[in-house]
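Going line by line, the protein sequences match chains A and B. In my numbering, each residue carries its 1-based index in the first sequence increased by 26. Take the second sequence: its letter number 57 is residue 42 in my numbering, and every next letter is one higher.
Be careful, since some hints might not be right.
Claimed, not checked - With a Cα cut of at most 20 angstroms, we get these calculated EDC-like pairs of lysine to aspartate or glutamate:
1. B:K168 / B:D27
2. A:K170 / B:E305
3. A:K206 / B:D9
4. B:K364 / A:E127
5. A:K55 / A:E127
6. A:K170 / A:E236
7. A:K167 / A:E201
8. B:K7 / A:E201
9. B:K66 / B:D27
10. A:K170 / B:D330
11. A:K205 / B:D288
12. B:K48 / B:D23
13. B:K364 / B:D221
14. B:K168 / B:D330
15. A:K205 / B:E375
16. A:K205 / B:D211
17. B:K7 / A:E236
18. B:K62 / B:D39
19. B:K364 / A:D276
20. A:K170 / B:D288
21. B:K31 / B:E114
22. B:K364 / A:D298
23. A:K167 / B:D9
To be clear, the hints were calculated from the coordinates, so they are not data collected in a lab. Just so it is clear, the structure is predicted and the values come from calculations on it, not from any experiment.
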Amino acid sequence: MSIAPTDAIPESAVTTDNNVHLKFTDGTKTISVPAGTTILEAANAAGVRLVSQCTVGTCGTCVGRVACGDVVMPEGRVYSLRQDEMAAGHRLLCQSHAFAESEVELDYPAAMLDEYPVIVTTAKVGAVTWLGESVVELQLKLPKSVRFSFRAGQYVRMRVPGTDEWRSYSMASGERERKKLTFTIRVLPSGAMSDYLRNVAAVGDQIDLEGPIGGFGLADDPGPTLMIAGGTGLAPMLSMLETLQTARTDFPIRLVFGCTREADLFHLDELDARRSFMRNLGVRVVVDEPVDIPDVLTGNPVSVLTPEDVAHPQTSAYLCGPPAMLQAAEERLLELGMSAERIHAEQFLPS
Amino acid sequence: MTASSHSGSSAGVTRQYAPYVKADWGYANHWYPALLSDELEDGTVKGITIGGHDIAVRRSAGKAYALSDRCIHRGVKLSAKPMCLSEGTITCWYHGFTYGLEDGTLTTIVGNPDDSLIGNAGIRTYPVEEANGIIYVFVGDEDFGTPPPLSSDLPARVTNDPNNNPVPHLLDEGIVIRGIHRKLVGNWRLAAENGLDPGHLLVHWDNQILVALDRALPLGVNALTDSATEEIDLPDGPKGVMNRYDRPDLYKPVLDNPKVNMKARGTVPHYFRTSLWVPGSLMVEHWPITDHVQYEFYVPIDDHHHEYWEIIATRVTSDEDIAEFNFKYDNFMLPLALEGFNNSDVFAREATEEHYTRFDGWNNEMLCDMDYSIIAWRKLAARYPRGFFESPFQDED
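Can you make the complete structure from the sequences, with help from the hints?
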């Protein structure tokens, strides 16, 4: 601990804005630090997250090492830095002002402070449930010690057991479930994951996993929601529906779920159930070929869209499915007058 | 056991009210009773837990405040050793961190009044309302915004009493309430469902209060139509389900069962009606006696414990009325109803807990005809989650 000399540097001594390069272990971010503003305040204002706790110079959490430049803390008070640390260039960023363009080294990755940091772990298979002829629901349990959180709509990569193949799948479970994730996976005639799920997968298997990944998710502004899902593109929609359940709005939620063949359909009972407790949810199921199931339409998700679906100017659209469907849906939505920035899409490829 | 006795998986059914099945820790962003007013003397602090939120309730200059019961410094519970050094503040007994009651800001540190943290840090506060002897706290997300009115989370005001004498509402003027609350083992939903369940009358068959009053309590009440249980969904108001025991056309009471040679006892019929409300409160009209009403709250503490509240209210117009109520409460309602009759419920709920926690009872139960109102409740409750409490523990799943 050191007590700086009593002649505090007057804040007026900093008269110009200075750039500070924050050198994280995973990259550098540059911020402008205005005169009279601390580096921590400037970073917060710029949306760059730094490790900190007390913000008043007592806890010592926000320490950084000044590699070059001129970074000064007001003198005349007690700081939780030793003299030798000060001499080595350590500064508390919540108290530090930049007197010149400077570079500050931080001993952690910037990604550590992301709202949903990416983790790598090994999960255990909790259940393998066939939802239909070609779709499996895979439930993975994360280890107790792992702190995992995600935004509804995001996905993870997982390594197919026994191979070095990685595949990406969106969580179908809600963001409230952080230790038990579920995925709805299309099982194809061949393919690494498909073969594993069809022939090998068993409760207790270990699966390496990395995530969360992806920027697909609900926009902040409330308004009607239009979801268009092709096949297992339904997964992120289910996750987002769980968020919408407690969003406390009465705006309509329209879910259009399309499959190519009747045999590919799944989760119709699940969607029925959700309709029963989400009064503002409307579900439209559509299949390319005519099928003999009540309330199931013939066509594709795009052909059953109506101008009414996007009539409200605050409608947000979420699309997930095969590329061709996405493209067609996007074109149709634009044609119906939706603005491009209200159309959010997540593309997946069969694998 | 035969193979068919294992066919009790209700996983398919539970999806019809999945949000409710998931609400192990209870519904967040609702008003819950925290303490009885007379449990919180001026200048004192009590610690409570609701849905995993540890909350310190402090009374200062007559007013009740609720704050996070966890000091920001080293995380001890403020209520572990209450320390109130001035009006308008609460102090952590460990290192003297002192917080303002209005907004939770750190106002001083007893042994270090110049510390830089002062004025720059604090603990969260919770909205509080106090009415008719109960302190309520709004518990949930810190960024929820303005809470809905307290009345939306209490049982609705009854207007359609068959004898044209509706029981008092918890927020009415001119009423008196007495009651108790206790921490019980068991998930809050099992308690709530027990209170409503028309099929559970059997556990009360030999209760003292029924013998003492010669009450004719049926062995069961079977619904005759779908409308036996009514869903009540008031805009911006209470959401609940009501067993319409006021409509004799909707129910068939079972008074004897010759197969087991069992008959309902008692000769004096008595009207009462039960209803259950989000986020977990019960109203039993004209119980334990006419013109009185018993309210129960099943306040989630965590996923395996709830605070069981039993409140009796009635209207009074004079001090004599109050004295009469107090006499009856102390000598009759407390021992025979709240502790006697209701202890049969407590025993039943605690006995249910194991199945629902260790054997996934929500997916492995087999509800029967008698449980129609439980299903109605679950479906209604599934539609109104303002949020879900979550385990605050980082060492738990």
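Now for the hints, and whether the structure bears them out:
1. B:K168 / B:D27: violated (24 angstroms)
2. A:K170 / B:E305: violated (60 angstroms)
3. A:K206 / B:D9: Given that 20 angstroms is the threshold and the Cα spacing comes to 15 angstroms, the pair holds.
4. B:K364 / A:E127: Given pair K364 (chain B), E127 (chain A) is violated - Cα atoms ~62 angstroms apart, limit 20 angstroms.
5. A:K55 / A:E127: holds (13 angstroms)
6. A:K170 / A:E236: Cα-Cα ~16 angstroms, so holds.
7. A:K167 / A:E201: Given that 20 angstroms is the threshold and the Cα spacing comes to 14 angstroms, the pair holds.
8. B:K7 / A:E201: holds (13 angstroms)
9. B:K66 / B:D27: holds (16 angstroms)
10. A:K170 / B:D330: Status violated; Cα separation ~35 angstroms.
11. A:K205 / B:D288: holds (16 angstroms)
12. B:K48 / B:D23: holds (12 angstroms)
13. B:K364 / B:D221: holds (18 angstroms)
14. B:K168 / B:D330: Within the cut-off at roughly 14 angstroms; holds.
15. A:K205 / B:E375: Judged against 20 angstroms, a Cα distance of about 12 angstroms means the pair holds.
16. A:K205 / B:D211: violated (40 angstroms)
17. B:K7 / A:E236: Violated: K7 (chain B) and E236 (chain A) sit about 26 angstroms apart, past 20 angstroms.
18. B:K62 / B:D39: Answer holds: K62 (chain B) to D39 (chain B) is near 8 angstroms, not above 20 angstroms.
19. B:K364 / A:D276: This hinted pair holds, its Cα atoms lying about 18 angstroms apart.
20. A:K170 / B:D288: This hinted pair holds, its Cα atoms lying about 17 angstroms apart.
21. B:K31 / B:E114: This hinted pair holds, its Cα atoms lying about 16 angstroms apart.
22. B:K364 / A:D298: The hint holds at about 13 angstroms.
23. A:K167 / B:D9: With a Cα-Cα distance of about 18 angstroms, the restraint between K167 (chain A) and D9 (chain B) holds, given a limit of 20 angstroms.
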